[in-house]
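Peer 1: One line per chain: the protein sequences are A, B and C, in this order. Numbered according to my numbering, the first sequence spans residues 1 to 256. Numbered according to my numbering, the second sequence spans residues 1 to 164. Numbered according to my numbering, the third sequence spans residues 1 to 196.
Check the hints yourself; a few may be wrong.
Not everything, but these chain B residues come out facing chain C in the computed CB check (under 10 Å) [said to hold, decoys possible]:
1) L111
2) T113
3) D114
4) L116
5) Y128
6) E129
7) P146
8) V147
9) H155
10) G157
11) W159
12) L160
Here are the simulated BS3-like cross-link-like pairs (lysine-lysine), alpha carbons at most 30 Å apart as the crow flies [claimed, not checked]:
13) A/K218 - A/K256
14) A/K94 - C/K67
15) B/K126 - C/K47
16) A/K248 - A/K218
17) A/K94 - C/K47
18) B/K26 - B/K126
19) C/K51 - C/K67
20) C/K5 - C/K67
21) C/K51 - B/K26
22) B/K95 - B/K52
23) A/K218 - A/K94
24) C/K17 - C/K51
25) C/K51 - A/K94
26) C/K17 - C/K67
27) B/K52 - C/K17
28) B/K26 - B/K95
29) C/K17 - C/K5
30) C/K5 - C/K47
It is worth saying that the hints were derived from the structure and are not from the lab. Note that the Cβ used here is the ideal one computed from N, Cα and C, for glycine as well.
Residue strings, one per chain:
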Amino acid sequence: MAAPPRHVSMLSISNSNTGAPQSASSDKPQTPQPSPSPQPTSGLRVPSNRKTIYDRHLNRSRNAELSRASFAYLFAEMVTYAQRRVTGIQDLEKRLNEQGYPLGLRLLDLLFYRSTSTSSSALSSSSTSSSPPNRPLRILPLLHLIHGPLWRLLFQRSADALEHSVSPDTPNEYMITDNDPLVNTYISVPREMNMLNCAAFIAGIIEGVCDGCGFEAKVSAHNQPTEMWPSRTVFLLRFGDSVMEREKVLERNGVK
Amino acid sequence: MCAHPNPTDRAGGLIYQREFQAGLRKLSTNDYLVLAGTFHGVHAITRSITPKLPLAPSTSPVASSPGTTAPATSGYSYPNPGVPATGLEFLETDKFHLTCFQTLTGTKFLLFTDPLTGNVDTIMNKIYELYADYVMKNPFYQLEMPVRCEAFDRHLGAWLRGRT
Amino acid sequence: MSATKASRIGEETRIDKVNAELVTLTYGTIVAQLCQDYDNDYQEVNKQLEKMGYNIGMRLIEDFLAKSGVGRCANFRETADMIAKVGFKIFLNVAPTVTNWASDNNQFSLIFEDNPLADFVELPDDGRAQDELWFSNILCGVLRGALEMVNFASPFPVQMQIEAHFVSDVLRGDDTTEMRVSLVRYIEDEMPPEEE
Chain A
1 MAAPPRHVSM LSISNSNTGA PQSASSDKPQ TPQPSPSPQP TSGLRVPSNR
51 KTIYDRHLNR SRNAELSRAS FAYLFAEMVT YAQRRVTGIQ DLEKRLNEQG
101 YPLGLRLLDL LFYRSTSTSS SALSSSSTSS SPPNRPLRIL PLLHLIHGPL
151 WRLLFQRSAD ALEHSVSPDT PNEYMITDND PLVNTYISVP REMNMLNCAA
201 FIAGIIEGVC DGCGFEAKVS AHNQPTEMWP SRTVFLLRFG DSVMEREKVL
251 ERNGVK
Chain B
1 MCAHPNPTDR AGGLIYQREF QAGLRKLSTN DYLVLAGTFH GVHAITRSIT
51 PKLPLAPSTS PVASSPGTTA PATSGYSYPN PGVPATGLEF LETDKFHLTC
101 FQTLTGTKFL LFTDPLTGNV DTIMNKIYEL YADYVMKNPF YQLEMPVRCE
151 AFDRHLGAWL RGRT
Chain C
1 MSATKASRIG EETRIDKVNA ELVTLTYGTI VAQLCQDYDN DYQEVNKQLE
51 KMGYNIGMRL IEDFLAKSGV GRCANFRETA DMIAKVGFKI FLNVAPTVTN
101 WASDNNQFSL IFEDNPLADF VELPDDGRAQ DELWFSNILC GVLRGALEMV
151 NFASPFPVQM QIEAHFVSDV LRGDDTTEMR VSLVRYIEDE MPPEEE
């Protein structure tokens, strides 16, 4: 809406995965007098046993697991809550998308942090060489990042398919398929809402990752059930014109 | 096997009904509603007519120890005071068995089976688990309302088919 | 049921898992959304979180009973152990300590060593959040909703009305995270009117 760069309008609350620059100030000896100099001191109180996020390793929860039921309840409440404040299915999906978006931004940081700290080539799948900057510059490496590492971080497996639109009219469209999205496991959408796919939340996460990498995109989730996979979902990624133009320039310059 | 797991809500309203044996003569929806309501009433009556023994004075200190107090204290108690009366759990005719499983939340599951069907408890537990998963975790299901959850139908059907 | 038996059930109940960070981040995004929707009126956010928890609790109890297979608790002390050692263990993989019993045995505290919901969380530095927001308030509602659904103590089937609130939180700069749980009253299960 009124705030085009969405991540600027994000709340500062919670889950800041991005390291600890400002915590350093609390280590300094406190000067008692109210100094007028505008220090970047955090005004937050911290426990005396220093149980703050800055004192605990970011990788500590790396392989941690929690009950799938707990996630299902939280997600269900998110859907219920969103439903109370919207007028239609599209609106509901938009809201779920917006709830996923900040997760995408945060998970992106987490992915980069972990891929560099472990020195494994988890991020650079087939297309990229072993070049040090692991932020994807082209669309394909970005898609591989989503299809592989992002999906594995979230769902412990890769996505099921990655395709490029076959239509010459829509070269900016890509599809990522999940045969059985985790978020929809326990959800049965009522018949009168059968267009709805609550995996719009995941679409929001993908959108956050794309935006965070500098690839403006719109991502939506669509039901594509098969006999075998009744909740099969296709995530449609549509990249913006600026991205497509940059893509051409990079192609000419041989950037991969 | 012929099975109708029928969860009814706390007030005895039928919220789900399904047949797993194709070709049985159908009961009407109304028949099922009446059946559920009647069973609910009978269940409550069987619970309330459970015989009670006079409370021996020597047991009262136990009952009144702090933290173990239950609300009403009368001069009578069930034969085994630690276990509440359950109400009708099983009904048998020549042709079928009716098993009632009541959860601690008061939901009842009624299962009609062929007298030869074994392991009814296992079936009940599985149905309860599937209900906890595919009904209670579905944001579009409203508590106490009729269950219309496609994933519940699908998983329940698949599991029962896998058993036969 | 003894506390040790409760811990064993908590350990042994089979649980489907997901990545813990997905849960943590999803919860964070819910709280952030509420703060946004209610213009950082943290009292209101607390209330909404409790309400969400209540809705969850009424549903979660079925999963708890179906998967753990536990029976009735005989009294509130057993209930406390069941909550801490089975409930929290199953759903959050933590086992808070049950302590600070009131003399009438109707009130206790849960002390959380770890709280996965609040992992990686720092409250907004706006001078108010640390005084007003209870970040994990959803848990209070979960307990209230879950216990209200159960036909609880013996010998008479009753439901339990409880009240829970946080009294301290490491996110607020406190040294512990403590939730106070009080038994408000037992609600007697109503028999349908006899029809003769």
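Peer 1: Evaluate each hint against the coordinates.
Peer 2: Taking the hints in turn, this is what the structure says about them:
1. L111: violated (15 Å)
2. T113: violated (20 Å)
3. D114: Status violated, d = 25 Å.
4. L116: Since chain C brings no Cβ nearer than about 27 Å to B/L116, farther than 10 Å, the hint is violated.
5. Y128: holds (4 Å)
6. E129: holds (5 Å)
7. P146: violated (16 Å)
8. V147: At about 12 Å, which exceeds the 10 Å cut-off, the nearest Cβ of chain C leaves the hint on B/V147 violated.
9. H155: violated (13 Å)
10. G157: violated (19 Å)
11. W159: Interface hint status for B/W159: violated (14 Å vs cutoff 10 Å).
12. L160: violated (17 Å)
13. A/K218 - A/K256: With a Cα-Cα distance of about 23 Å, the restraint between A/K218 and A/K256 holds, given a limit of 30 Å.
14. A/K94 - C/K67: Cα-Cα ~35 Å, so violated.
15. B/K126 - C/K47: Violated - the C-alpha atoms of C/K47 and B/K126 are around 36 Å apart, more than 30 Å.
16. A/K248 - A/K218: holds (20 Å)
17. A/K94 - C/K47: With Cα atoms ~25 Å apart, A/K94 and C/K47 stay inside 30 Å; holds.
18. B/K26 - B/K126: holds (25 Å)
19. C/K51 - C/K67: The hint holds at about 25 Å.
20. C/K5 - C/K67: Distance ~16 Å between C/K5 and C/K67 Cα, so the pair holds.
21. C/K51 - B/K26: Answer violated: C/K51 to B/K26 is near 42 Å, above 30 Å.
22. B/K95 - B/K52: violated (33 Å)
23. A/K218 - A/K94: holds (11 Å)
24. C/K17 - C/K51: holds (25 Å)
25. C/K51 - A/K94: holds (24 Å)
26. C/K17 - C/K67: Judged against 30 Å, a Cα distance of about 14 Å means the pair holds.
27. B/K52 - C/K17: violated (46 Å)
28. B/K26 - B/K95: Holds: B/K26 and B/K95 sit about 16 Å apart, inside 30 Å.
29. C/K17 - C/K5: holds (23 Å)
30. C/K5 - C/K47: violated (35 Å)
Of the numbered hints listed earlier, those contradicted by the structure are 1, 2, 3, 4, 7, 8, 9, 10, 11, 12, 14, 15, 21, 22, 27 and 30.
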